[in-house]
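Listed here are the chains, written in short residue letters.
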Amino acid sequence: MSEIVCDEAERSPMGVQVPLWREAVVLGLGLAAYYTFPDDLAFLTNVLVTALFVLSLSLVLGQAGIATLGHAAYFGIGGYAAGLFAIHTLSDPIAGLLVAGGAGGVAALLSGLVLLRTHGLTFLMLSVAFVQICHEVANRAARITGGDDGLSGIVPGPLFGAFDFDLYGRTAYLYALGVLVISYLVLRKICEAPFGLTCRGIRSDRLRISALGGNVYLHLLAVFSLGGVFAGFAGALSAQSAGVAGLSGLSFAFSGNALVMLVLGGVRKLHGALVGTIVFMVIQHIAATINPYHWLFIIGAMLIGSVLVLPTGIVGLADTIAISVRRRVQRRGREP
Amino acid sequence: MNRLAVNDVSLAFGGLVVASHIDLALETGARTALIGPNGAGKTTLVNLISGVLRPSSGSIELDGRKVTGLSQALRVKAGIARTFQINRLFKDMTVAENLRIALLQQAGDSARLWRNRAADAAIERDETEILAMLGLRAQGGRLVRNLAYGEQRLLEIALALALKPRVLLLDEPAAGVPKGESGIIIDVIRQLPAELAVLLIEHDMDLVFRFARRIVVLASGAVVTIGTPAEVAADERVKQLYFGRSGHGRS
Amino acid sequence: MNLAISILIDGVSYGMVLFIISIGLSITMGLLRVINMAHGGFAMIGGFIAAFATARFGASFEVALVVSVVAVAMLSIPIERLLMRRVYARDELDQTLLTIGMIFVMMAAVNLMFGSTVTALRIPDYLAGSITVADHTFPKYRILVLGAGLGVAAGLWYLIERTPFGIQVRAAVDNASIAQTVGVDTPRLYTLAFAMGAGLAALGGVIGAQLLPMEPGYALKYLVLFLAVVTVGGLGTVGGTLAAALLLGVIDTAAKYLLPDIASVALFLAMFVVLSLRPNGLFGRMS
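For the record, the sequence lines run as chains A, B and C. In the working numbering, each residue carries its 1-based index in the first sequence increased by 1214. In the working numbering, each residue carries its 1-based index in the second sequence increased by 84. In the working numbering, each residue carries its 1-based index in the third sequence increased by 2.
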């Protein structure tokens, strides 16, 4: 009787081993969308950016079990860092990306030093307090951040010195797609490595890890900071593609939305973040014309249904279907 | 020098004394059993030795070095490993993954961000070896939650062994295991590395007398007597403690 | 001096409103050990029902108050039976997500029925205006709020510490299976405790409508406040929740008066400081 083995290793649904097939799928879908919807690139770029952010949340929450509602703080900080860097120092987008990742990572590290000493509800509340405080600080420091209006005038220089960010958003989209695919690859490799295994152990039973000699606090600090780095990357992409870094990204609401997307897609596997983001944002885009409160109702119902009926998310459902299909195929193969 | 020395250790919670002037020593290769009625403080003693609890007085030494001030995790690094009376395993992960986590901790490699063929291969070799030693080779890919309870108890022991300890504390390894399956656990315990100092808590007297070279009897947090199995079996105080029970099954 | 008194009065009445709404949450979270993000939704629905009753049916304030408290308590029963019960044994994240889903649905429902603008709740004439005591003027309404808060605190303390109901709840929470073997109907107890919490939230929502105006976004907007009070105070303690509510209420009000620049985060800063030093809250035991 085969069972679902919860790891991120190279296992394709067809049972054939193809290296990097997941990244190829993401890249393929991204390029297909690029050619199919050339007029919607701004929205699609936003989807990519959000997907990267939710991916960083998946690392922190899905892998290590850190339930946080303050993750958007590192997204916002990354966005402002990239924006300020482009305006005052260097307009090269990759440099801005790295600076933003660094800023997000450092912010996560410093806040994590305090936050990670707690857990459960206390931690959740502290994470909310943290993002609200950051939001307010950004609001007050209007001379630096542009306050309510946001930090505008972010003009990224040409990518690799050759590709200008054009008005149609083509370069921005492909740039974001590239960053997303590479980030996904890196994060997946990290999850397959001992680091990821230990994270999942901590998620399962922190005290047991201590009883095995592990320093849970330090490990959580590391994964939390890493999550901050990738959230910062997402913030940079957002600022660079939109030309503006604002307060909406640095909010408890954005964290909450990301959490919903992650849960919808599936918390346990990294690609749940990608699936959930796409599903959520596409539905929201289509339903945008409807009364926002009806949208709220749909999301609320989906969340309730997700927790009660589909706790492993869309990805979990797909996995279950895939397993029963595979079993049926195997059984048929054994029949004379 | 003794592997493990517990020197005059006491602990009280408010008015409740859970450990009272306990003196205990384990030599290299010790096979010592810790017995006593329920509530005697056996698990408390294991918690004190492993670092979950700090004594209010007295000290604990490992190979002559004081470890009383060290945290649980640091004592593991120093060489003290324990199993839990009620399984604490990573239920949603496979047997192999559970073991791998422990092995990586022992190797100091638990935070490695990338795969390394050589290091991973070494871990895998240890994994196979320990699984084989415990008869769990075939179960490597199964989720822990799908294992039989007895197999889970074996995995508990496997995790402790993965830490390459010098002192192993086994807290009722056969607890909750149906009588028919406990034979496997007994076999495993008898095949533990010879230099490993083992302290075994058990209620199953069968297991105790087949395993132990020395027995420590604990009651109400204090040591009643220490001696060879024969001495302890003949001891009047011990007989009184168990109210004449022959010792079969749980008390 | 007058400023200090104003700050104190406003801060304490704000704190009292927070207390009345949050105490139900503290009880359900502390005693039932379940996270309920939708608690503010009960306060919101209570306020809306009361506003509706007075505006549409011309009911008096007192009647509207009673009706809304009872209605919300009754509404909470099927919610507890059908939804909350399913996640008592699940982990905190699942409970958080389920109840966030519930808030969204509540907010959408309220918007559907009452529209999306702020709804005003008229207070009766005999409560409007102020009284003067020893040269200081106190708004009558604030006195009512203060009295209500103290009444709730005293009543709850008595209920939990002295009555069989309270003892049963505490026993059931400490060890549900043992409580059941001695004849305590734990599921019914949970439902009652949950309904009581919801009713209290509605009470607070109605009484506090002046300070926390009714709008469909109410539940989410003030969710953080209620959670802050509960975590800072320590789960399940009446005294702790009261202390935390008053503390945060006064700090928030004082900041609005004295340091308007940081007013909106004063509360969060306070929460951050307290929780960093005392993760279980001011009076909390280990959860």
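Hints in this document: simulated from the structure, not taken from any laboratory. Note that CB positions come from ideal geometry on N, CA and C, so glycine has one too. One or more of the hints may lead you astray.
As the list claims (entries may be wrong) - The following residues of chain A were derived to be distant from chain B, with all beta-carbon distances above 10 Å: (1) Ala1309; (2) Phe1409; (3) Arg1422; (4) Ile1423; (5) Ala1425; (6) Ala1467; (7) Asn1471; (8) Val1496; (9) Ile1497; (10) His1508; (11) Ile1518; (12) Arg1545.
Unchecked claim - Where chain A lies over chain B, by a calculated footprint (3+ residues, C-beta under 8 Å): (13) 101–112; (14) 147–154; (15) 183–194.
Now for the hints, and whether the structure bears them out:
1. Ala1309: 23 Å, holds
2. Phe1409: Violated, because the least Cβ-Cβ distance between Phe1409/A and chain B comes to about 5 Å, which does not exceed 10 Å.
3. Arg1422: Its Cβ does come within 10 Å of chain B, the nearest being 5 Å, so this is violated.
4. Ile1423: Since the minimum Cβ distance to chain B is about 7 Å, Ile1423/A lies within 10 Å and the statement is violated.
5. Ala1425: At about 6 Å from chain B, Ala1425/A fails to clear the 10 Å cut-off, so the statement is violated.
6. Ala1467: 31 Å, holds
7. Asn1471: 27 Å, holds
8. Val1496: 31 Å, holds
9. Ile1497: With a cut-off of 10 Å, Ile1497/A remains clear of chain B, as the shortest Cβ separation is near 30 Å.
10. His1508: With a cut-off of 10 Å, His1508/A remains clear of chain B, as the shortest Cβ separation is near 37 Å.
11. Ile1518: Non-interface label stands for Ile1518/A: nearest chain B Cβ at 24 Å, farther than 10 Å.
12. Arg1545: Correct as stated: the minimum Cβ-Cβ distance to chain B is 20 Å, above 10 Å.
13. 101–112: violated (count 0)
14. 147–154: violated (count 0)
15. 183–194: Our answer is that it holds, as 8 residues pass the Cβ test (under 8 Å) against chain A, meeting three.
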